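Enquirer: Whole structure, please, built from the sequences with the hints as guidance.
Protein chains: 2
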Amino acid sequence: MKIAILGGGSLGLLFSYYLSLKHDVNLYTRTQEQSDLINDQGLHMIKAGKDETARKVVAAPIYAWQGLEELTIVAVKQYQLADLMSDIKAKTSGSILFLQNGYGHIQLLSELTPAAIYIGSVEHGAVRASGNTVFHNGEGVTRAAVFNGDADLLSHLSFSLASEFPIKLESDYQEMLIKKLVVNSVINPLTATLQVKNGELIRNPSYREIFSQLFEECALVLELNNKDEYFQNLKAVCEKTADNHSSMYKDLENGRKTEIDAILGYLLELSARKNINAPLIHNYYHCIKGKEHEREGA
Amino acid sequence: MKIAILGGGSLGLLFSYYLSLKHDVNLYTRTQEQSDLINDQGLHMIKAGKDETARKVVAAPIYAWQGLEELTIVAVKQYQLADLMSDIKAKTSGSILFLQNGYGHIQLLSELTPAAIYIGSVEHGAVRASGNTVFHNGEGVTRAAVFNGDADLLSHLSFSLASEFPIKLESDYQEMLIKKLVVNSVINPLTATLQVKNGELIRNPSYREIFSQLFEECALVLELNNKDEYFQNLKAVCEKTADNHSSMYKDLENGRKTEIDAILGYLLELSARKNINAPLIHNYYHCIKGKEHEREGA
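Chains Z and P are the protein sequences, given in the same order.
Residue numbers are given in the numbering used here: position 191 of the first sequence equals residue 191, and the series is strictly consecutive.
Residue numbers are given in the numbering used here: position 85 of the second sequence equals residue 383, and the series is strictly consecutive.
Accuracy of the hints is not assured; some may be wrong.
Said to hold, decoys possible - Computed Cβ-Cβ distance ranges for the label pairs, DEER-style:
hint, chain 1, residue 1, chain 2, residue 2, range
1, P, R554, Z, A151, 57 to 65 Å
2, P, K525, Z, T113, 54 to 62 Å
3, P, K572, Z, D87, 54 to 62 Å
4, Z, K250, P, R593, 20 to 28 Å
5, Z, R295, P, E537, 17 to 25 Å
6, Z, P205, P, E537, 31 to 39 Å
7, Z, E175, P, E521, 43 to 51 Å
8, P, R554, Z, P205, 19 to 27 Å
Quick caveat, the hints were computed from the structure, so don't treat them as lab data.
The structure presented is a predicted model; accordingly, all values stated were derived computationally and were not measured.
Backbone N, C-alpha and C define an ideal beta-carbon position, used for all residues, glycine too.
Expert: The following block contains the structure:
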C-alpha cells in the first residue's frame, strides 16, 4: 500500500526503511534539504555495522503532503504535534497511526475524522546519525492498537512485515501507552539527571531506592490497579537496556529539546488535576527543565 | 597560648596558619608523611595568588597527641569524629572547639568533661592543594558559641585574631549549627547532583523551584519557627558563593567521601524519628550515596 510518514527523525527514518521493504513509502521531512539529501543519496539504515539502502522511499518537504496515502504514520515528537494537527485534520483521507510517547496527545485525536486512528508505541532503539542515516541499535517491537475505526489496515500492515519489523497488535491502547509512559517517566528523567546508563538504576542500591520511589509516585498519580505488573515491566526494560543511554540522556547531551513535557509534564498536570501530592515528579520535571535551560543559556 | 589542631585537611591547615600568627600551634595529622612534609617544608597558605609560610606550626602524627594544650581544635570531618572520641575523652585536659558540619555530633559531646566545650561553624572557602598547602579562596568568618563551660578562652582567641581571622561569638550554638545545616542540606546535594555552581540554584528558574521545595522540607523536619530568616540566609549564601563549586560537588569530583551522612543523613533520621514524610530529603540523600557508590565501583 501507499504509506506517508511524517517526520524525518530517528523513528521516521527507521519506519521508512523497514516499511519500504514491502510498501511504497513517501517520507515527509521538515526541511527541503533533508528530502533532497534522501532523494539524492538514498536512505541508509545501519544495523550491526551493516549499511542497508532503502529502495522505494520518496522524500518531500512536509508542506507538500496532501494526505492521499492509504495510511499516514505520524512520527514527530509529541511537542511538535500541536503545530501539525490542523493540517492533519484538514488533509487526511486515509487512516493514521500516531507514534508519540506520553499520553497528552490522546486528547487531540477526538477532533479527527479519518478512516481509522491507530496508536503505536515503539520499543526499538534508533539513533539518527544524519538526515539520511539511522542506526538501528536496539531491536524491539512496535505495539499498536485501535483508537477508532476497524483494525483491518493495521492487521494487514502487521502481517506484511511480520519477519522484518514486527508490529504487535494490542487490544487496549490506554494500557499500552500507560505502560510505556511509566517506563519513560522513571528511566528517562533519572538517567538524564544522574547521568548514568539505564542499568545503573537497578544495579546501584541507592539509585534503586530512588527508582522505586519515583515509580510509586507515578503509580499513585496514574491510579494503577495492577501496580506490580507495571513495576515488573519497568524493571525488565531496565535490565534489557542496561547498557544503553536513555533517549532523554542523549537529547540533553546533544543539546536537543527533551520529551519531558509529554512525560513528567503530563503526570504533573494530572497530579494537580487530581489534587495528589507528587514531590518527586515535580522535582524531576524541574531537574530536566533546568538542564534544558542551562543548555539554551550556554 | 598553646593550641592543638586535630586534622590536616583544608580547615586544619587553614586554622593552623592563621592561629600561628599569634599562638603556638601543634598540628596533628593522620599520617606521619604529612607531618614530616609540614616540618620539612613549612605550611603554606595561598591567598589571592600570594604564598605565605607559617612560622610557628609544629606538626606530629595524631597518635602523638597527648591533650596537654590549653585549647584543642577538632578539625576532622564529622564521619571521622566517632573514631577519635575515645581518645578525646581520655586525653583532653584543656578546652575543645569542634568545627564539624551537621548536627549529629552534638549528641557525642555529653560524654566529655573538659574545661569548656565550644562549637564552631566555619564560613571560609578553603581547598587543600597538598599535605602542606591550603588555598584560602573565600574569606569569611568563623562563628563560635559555648556548648559547656565559660566563654573566656574563646573570647581571648577571638580578640587575639580580630584583624587576621575573625572569630565571631554567637550566643546560641543550636541556631548557629542549624543555619549552617540548612545551607549545607540544600546547596550541597543539589549542586553535586545537578553538577552546577552554587549560583545556578537561584539563577535557573527550574532549579530555583527545586531549591525552594527542598528548603521547605528541611524547614518542616527541623520545625523552624522563623522559616523566612533561614531562607533569606540560604539565598544570601547562594548569591555570595555564586561562582563557587560546593564542597560536596568537589568531593565527588575528586573521588572523596562526602559529608552527606552528617547533613541529609541526619535530617533523614530526624524525619523518621518525628514520623514526617520527607521525599526530597530521601531522594537527594540517595542521589549522593549513589554517586559515592559509582565512584567506589569505578
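Enquirer: Each hint needs a verdict: does it hold in this structure or not?
Expert: Here's how the hints hold up against the structure:
no.: 1; hint: P:R554 with Z:A151: 57 to 65 Å; result: holds, 59 Å
no.: 2; hint: P:K525 with Z:T113: 54 to 62 Å; result: holds, 55 Å
no.: 3; hint: P:K572 with Z:D87: 54 to 62 Å; result: holds, 57 Å
no.: 4; hint: Z:K250 with P:R593: 20 to 28 Å; result: holds, 23 Å
no.: 5; hint: Z:R295 with P:E537: 17 to 25 Å; result: holds, 23 Å
no.: 6; hint: Z:P205 with P:E537: 31 to 39 Å; result: holds, 36 Å
no.: 7; hint: Z:E175 with P:E521: 43 to 51 Å; result: holds, 44 Å
no.: 8; hint: P:R554 with Z:P205: 19 to 27 Å; result: holds, 20 Å
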